Structures are given as C-alpha cells and as structure tokens.
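Participant: First to last, the protein sequences are chains A and B. My numbering puts the first sequence at residues 1 to 417. My numbering puts the second sequence at residues 1 to 264.
The reader is advised that the hints may include incorrect statements.
With a straight-line cut-off of 20 Å between C-alpha atoms, the simulated DMTMM-like cross-links for lysine to aspartate or glutamate are [said to hold, decoys possible]:
| no. | chain 1 | residue 1 | chain 2 | residue 2 |
| --- | --- | --- | --- | --- |
| 1 | B | Lys114 | A | Asp309 |
| 2 | B | Lys166 | A | Glu46 |
| 3 | B | Lys114 | A | Glu92 |
| 4 | A | Lys239 | A | Glu92 |
| 5 | B | Lys205 | B | Glu162 |
| 6 | A | Lys119 | A | Asp200 |
Hints are computed from structural coordinates only; laboratory data are not their basis. Note that the structure is predicted; figures quoted are calculated from it, not measured.
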Amino acid sequence: MTGSLDTAAKAKLLRTLLDGGLPDANGRFGPFGGRYIPETLVPAFERLTEAVHTVLHEPSFQAELSAELTDWVGRPTALSPMRNLSRRWGAEIWFKREDLAHTGAHKINNALGQALLAKRMGATRVIAETGAGQHGVATAAACARVGLPCVVYMGEVDMARQAPNVGRMRLMGATVVPVVTGDRTLRAAIDEAFRDWVTDPAGTFYCLGSALGPHPYPYLVRELQAIIGREARAQMLAKTGHLPDCVIACVGGGSNAIGTFHAFLGDPSVEIIGVEAGGRGAALGDNAATLTTGRPGVLHGTYTLLLQDADGQIQETHSVSAGLDYPGVGPEHALLREIGRVHYTMAGDEEALALVQECSTYEGVLPAIETAHALVGARDYARAHPGKRILVGLSGRGDKDMPTLQTTLLAHDGVLS
Amino acid sequence: MSTLPADRLTQVIREVRRDRVALVAFLTAGHPRMSTFRQDLTTVAEHADVVEIGVPFTDPLADGVTIQRSSMAALQQGVSLHWILDELAAMPRPRAPLVLMSYMNPLLAYGLAKLAEVAAQVGVCGFIVPDLPLEEGGEFEAALEPHGLALIRMVTPVTPPERLRKLCGNARGFVYAITMTGTTGKRVAAEAHDTMAQVGAYLDKVRALSPVPVCAGFGIRGPAQVQQLAPHADGVIVGSALVEALERGESAAALLDSLRGGAA
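Full structure from sequences and hints, please.
Facilitator: Below is the structure:
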C-alpha cells in the first residue's frame, strides 16, 4: 500500500490532517492505523474511545491536566539556546528541554494525561509496558499521584540495561513484571500488557506509552504530547521572532517526535526530520529503522510500517537505546513519511554515543541515548545548512543510561578527538 | 463441488451434534516437529471432527504460554504459511475439515486474494483471525467469499448484546465462543458451579442468535469440562492441552478420544 498514493492524494491527506480530520472515524491516518484487536477487547476500546472523545477536550479535564502539568510536571519546559554546539556545528541550535520535565523525559506528559483519564473512567488498576523504563517510571509516578495501583511490564533485557529505572518504579509503588517471552524487550512487553488486559478488560486501564497501537492510542498519545511542539513554537517566536528552519526529533514508536512535530506541520517553511535508530548496520535485525527500511503490516493492533521478513514474521531489532528498539512505528509517522511532510533518517549506535559525549562535554546536558540520535541528525543538518535555526526535541535525560555508558563511553578514554 | 467449504464445516458439526458435542482440535503447524506434521495432522483429523491448524506468529498476543511456546518452536524450525499450504497440497486430504488460525500479519504478507485461492485448493474451509475484529475484516471477507471460505466470527462473554447479534447474524461455518476473558490455555474459570452456570447461560444466548453451530473454546482441558459444556455448545475446541500432549510425546489420539468420550 505504501508508495501507492499520487501527489494529489498526498496533498489532500496533509490538508485533512491539518484540518484535524485524521485519524478518521475508523482510526485511520490515510491507509495506516485502524484497530486490529481481539474481540475480547472491543468493548474496552469502545469505552476508551468514547472517553477520549468526551473527556479529553472537556474544560474541567483540561484544567485539571493543565494544573498538574504546571505544578507537578514543571511545564512549560525551557527552550535553551545551545551556544557551544551552535559554534561547533555552524548553525543556531535550540533544545526543547523535555529532559527537565518531572521524571526526566517527555513520557510524563502522556502518562499523567492517561492516568487522569483512567481515574475519570473509574479504572481499578493501570498497566503499562516500558522499554527504556521512562514510560514505566512516568506511569508509576502518575499513578502514585492520582492514587491508582500500577503494574509495569518490562523485558528482562531492558531491565538489565536500564536497572536504575526499575528501582525508581518500585520506589513509587509500581509492580515491575519481568517479561521473559519473545524478544524480551519493548515489543514483548507490549504483547504481555495486552495479554494482561484481555484477562481483565473491564477494570484495567492500559496506559500505552507511545503513539502506536490500536485506535484511539495513536490519537490520544499525540494529543497529550502535542504540548511539546505548541510550547516550543511559541517560545521560539517569542525569543527569536522567527520559526525554526528545521525541527528534529528521534523516533522509536514516535511519541516525542509526533508531539514535537505536530505544531509545525502546517508551517510550510519548516523542514521536519525524524531520526531512527540505525543500530550497527543496514541489515534486517541490526537496526530499528522502521520508517527507512520497513514494509507495511499489522503489529500491536495497527497497520503501519514494520520490520518483518517475507512471511510477515516480526524481526528482532537492535539499538543501543532501549527506547528506540521497536520493530514498528506510530501510524501517523507512516503517513507523514508517505505524504512526504517529514523526512526520516537514521543514526547508528556509535554516532549516537559520540553525541552523548559531545553534548555533555560542551553544553553540560547529558541526553538520553535515544535523544542523542536526534543530535546526530541536527549536527548533520547543521553542517549541510550553515547558519540555519534548528530546533531539537531534547526528549530525555541520560541518567538512566549510566549502566550502558559505564560499559561504552566510560570504558575507554579518547572518544572525542 | 456442490457444498461450499464454509457450509461443509457447518454440516459436519451439525451431523456430529446429533449424537454428541463435536470436537475441534488445534495444533500449531510444524510443532513439535516439521517432519511429523503430516502424520500429526492425519492422526488429529482421525480423532477430532474439525482441525484448526495454527499458523505460527512472532507476536501471538491473544495466546497463553503454551501456544506462544509452540509458535516459537515452529518458527525456529522455519514453519511459514507457504510451507503449511505446500504440505497440505502434498498430503492426502485429511478426513476432518480444516480451518487455519492465524494472526493478521502473516496473511497480509502472503497476499489475501492469493491466499484465499490457494487455501480453497488445498481443502481449507475457513480462517480464524484473533486480531481481526468485524470492523477490519471486510477486505479479507471479500477475498474469501468467491471461494466459499468462512471467516469464523469470535464472540466473548463481554460482547454486548447488540454486537453479539451483529456478529452472529451472518456468521459462516461456526461461531467461536470464547468461554472467558483471558488468553488461551488457562483452565476455564474452574468447574465452580456458579461460573459454569454463567458460561452455560452465555453459550445458550449465543446459540439462540447463531444460524450456524457454536463451538466453545479457551481453557478446555479435560473430559469433565467437555461434559459440562456439552449441553450448551455444538462443539468444543481444545488447543493448549493437545499442544502440550504433542510436546510431551504423548498420544494425541488418546487425549482426543478421552475428550470425545467425555462428549458422549
């Protein structure tokens, strides 16, 4: 299906998207999206969709969410000029500082919104999956705040490489369940969360962490994350009087990227770039670059681009960053790629680690390894377009990555030449 | 070629039901071994009334640990939908009608139109797709229709009455009534008396609405359960228990016969 849209159809889809018409009533972003779920979950999804439509934009809910985002999360997050990187790269670099949000990443915007929604819906417990642990920590924190029990599914591979986050979740009262099936990373954790939900579809609220999965999640998560781009756009105009020339964010499932991009989609002068995990190479299984190398199919309830073999079996992915290590991507990104509004590239493990070092050394900001993929994209864009104004979605801080950094950057000297 | 494959499924179950509840047996294709698939399938088809062949998928999110494990084992040996259809084409047509159970993605990767054609050629009567609800099923149903194949509808204890009517309304082959919320393979919400009464009442409701036979599945492991369900269903589906027996190298025939005995 991908590649089959003509120019007029692409332009029409972009207009519909900008007019707020996507996803459509069937949860589709053009050809992508939808809701491929077991029959047992259909009533739960109908209740969730109904709640999203009636509650999410309702003034009292928005007021409650907005107050919590200000008083508890610490929004708005800063927009910081990065003078040293600007000098080094020969362009004007700005960071939208989601690393300064409570719990250390953009994930809290979504987790808080969904936890408040769960409370409104009368849920008795919240479940979540997590890869890097940031969504798990954010959900644990939000559930503690609103007073709901929380169970987090996490692959045992990720539990090892993101150990500090496991402790944080437990301190905040969440039960962390190790997932030992499948690939034992994010994808298996999502499988397991669905299995839990199928067992108690009435009382459980599934707080999904990225802009993917069955409708209405891609929409719900995008709406809750769009605050990133809205704030950044207003801050940029206030500080410089101009829009950025380019907006860049990293893409795993794609929630921080869709949140950062959305406010800029209707600005034709703004180039938008998503950076995926190039891992250790271009071969299937060596990366998580779904938008760059994937083919369409159905995983976790949505029709989107996937890393799969010729038989439709989902492939294991590789990335040094747990948060990008996922073989699918949100359906809205699949659409944005298809209609050409966003350009997607990739950055490899080594390049990302080098940018963790460079950003820390020259700006005193330790970015998450996920986020460092966006920095690779920003540096490359800056070098190709000297003097341009570049907004980077600094999606999270790197404290959680210390176990990985101890065995990589800190294991040897002389990373920087 | 007078009877459509979907109708054959209906007829076989109805015919068996005159004497006892029909037995639908599930096995994962190529598990425990690819090399014995034809023999395993033949045996199962001789001791069950309908056979559900599982197409393995990497992310079986409606399945419990047993079918997750059998799917992984099959994939590791190289089982694919192509291989399964080739095997079916190469072997003598089993006695019992066959349905394929698959998640959506392997079907999409094969190509829906071609799949319907090839499946009909090798004697498949229908498909069960656990992640394809009514709202997304139109394209596949349209591909199956010209070949007379059924897209088996699934219903659950939490399906609201109006939706239940809609799902049963134009069902083909048989209706797959999931007995409980949860994944495959768990023990059906025990033999506890009140729970069983609830399951029975739910199945009676489905049967009243369905123009085709109703088969109860998920968590059915022993003759006692089959006996309890028999008054309320046209067929019972046994999956994980059979997969586990095959895994342990036990006789599939003995297990299925014991269940059929319990189905008297």
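Participant: Next step is simple, just say for each hint if it's right about the structure.
Facilitator: Okay, the hints, checked on the actual structure:
Taking the CA atoms of lysine 114 (chain B) and aspartate 309 (chain A), the gap is about 18 Å. The hint holds against a cut of 20 Å. Taking the CA atoms of lysine 166 (chain B) and glutamate 46 (chain A), the gap is about 16 Å. The hint holds against a cut of 20 Å. Restraint check for lysine 114 (chain B) and glutamate 92 (chain A): not satisfied, since their Cα atoms lie roughly 54 Å apart, outside the 20 Å limit. Between lysine 239 (chain A) and glutamate 92 (chain A), the direct Cα distance comes to roughly 13 Å. Compliance with the 20 Å bound is thereby established for this hinted pair.
Simply put, lysine 205 (chain B) and glutamate 162 (chain B) have alpha-carbon atoms about 12 Å apart, close enough for the 20 Å limit, and the pair holds. Between lysine 119 (chain A) and aspartate 200 (chain A), the direct Cα distance comes to roughly 16 Å. Compliance with the 20 Å bound is thereby established for this hinted pair.
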